[in-house]
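Q: Sequence:
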Amino acid sequence: MKRHRFRQDALIEVLHVAQEAFGLLRDDVLLHIARGLELPPSRVFGVATFYHLFTFAPRGEHSCTVCTGTACFVKGAERLLAIVEELTGGRAGETTPDGRFSLATTRCTGSCGLAPLAIFDGEVVGHLSEEEVARRVGGWTGHGSE
1 MKRHRFRQDA
11 LIEVLHVAQE
21 AFGLLRDDVL
31 LHIARGLELP
41 PSRVFGVATF
51 YHLFTFAPRG
61 EHSCTVCTGT
71 ACFVKGAERL
81 LAIVEELTGG
91 RAGETTPDGR
101 FSLATTRCTG
111 SCGLAPLAIF
121 DGEVVGHLSE
131 EEVARRVGGW
141 TGHGSE
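Numbered continuously in the UniProt record's numbering, the sequence shown closes out at residue 146.
Fair warning: there could be bad hints in the mix.
What the hints assert, rightly or not - Listed next, with one range per pair, are the computed distances between beta-carbon atoms:
{"#": "1", "residue 1": "His143", "residue 2": "Pro40", "range": "44 to 54 Å"}
{"#": "2", "residue 1": "Glu94", "residue 2": "Tyr51", "range": "16 to 26 Å"}
{"#": "3", "residue 1": "Val124", "residue 2": "Glu13", "range": "13 to 23 Å"}
{"#": "4", "residue 1": "Glu130", "residue 2": "Arg7", "range": "41 to 51 Å"}
{"#": "5", "residue 1": "Ala10", "residue 2": "Arg79", "range": "36 to 46 Å"}
{"#": "6", "residue 1": "Glu131", "residue 2": "Pro40", "range": "46 to 56 Å"}
{"#": "7", "residue 1": "Arg79", "residue 2": "Glu13", "range": "31 to 41 Å"}
{"#": "8", "residue 1": "Gln8", "residue 2": "Arg100", "range": "32 to 42 Å"}
{"#": "9", "residue 1": "Thr141", "residue 2": "Asp9", "range": "34 to 44 Å"}
{"#": "10", "residue 1": "Arg107", "residue 2": "Pro58", "range": "20 to 30 Å"}
Calculated from the structure, these hints are not laboratory results. For clarity, every value in this text was computed on a predicted model and none was experimentally measured. Glycine included, every Cβ here is placed at the ideal spot set by N, Cα and C.
Whole structure, please, built from the sequences with the hints as guidance.
A: Now the structure itself:
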């Protein structure tokens, strides 16, 4: 918060920094941010829960977020998600019981020109083929050559 001079309009940036530091946004962290930025806790919680890229549960060792927005959907996002789920044994919106993989979907990343796309461990990868998804996720699971 100090880096952003405690500016209220820096809330989203502060939330990103907090999530990067802690791996998730815990209630006590959100309350600390609310106090530090002099914002109502309801506003901080509201912003944090509005955006899909913020998480409130521990994430897996690897994460994959598949865009399912309109452009990605018409270019096969559902099939890409099915491949990720099949290879990891997980489901979108969950972390696998062994803590290795967190899977998610997002309605849009604002990168429709890259459709279909997914975010692998924070790296945005566009123009994905089924083979590329299988290769990347297979590298995590030992079923491919990443």
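Q: So, for every hint listed, does it hold in this structure?
A: Outcome of the hint check:
| no. | hint | in the structure |
| --- | --- | --- |
| 1 | His143 / Pro40: 44 to 54 Å | holds, 47 Å |
| 2 | Glu94 / Tyr51: 16 to 26 Å | holds, 18 Å |
| 3 | Val124 / Glu13: 13 to 23 Å | holds, 18 Å |
| 4 | Glu130 / Arg7: 41 to 51 Å | holds, 44 Å |
| 5 | Ala10 / Arg79: 36 to 46 Å | holds, 39 Å |
| 6 | Glu131 / Pro40: 46 to 56 Å | holds, 48 Å |
| 7 | Arg79 / Glu13: 31 to 41 Å | holds, 35 Å |
| 8 | Gln8 / Arg100: 32 to 42 Å | holds, 38 Å |
| 9 | Thr141 / Asp9: 34 to 44 Å | holds, 42 Å |
| 10 | Arg107 / Pro58: 20 to 30 Å | holds, 23 Å |
Going down the numbered hints, you'll see the structure goes against none, and every one checks out.
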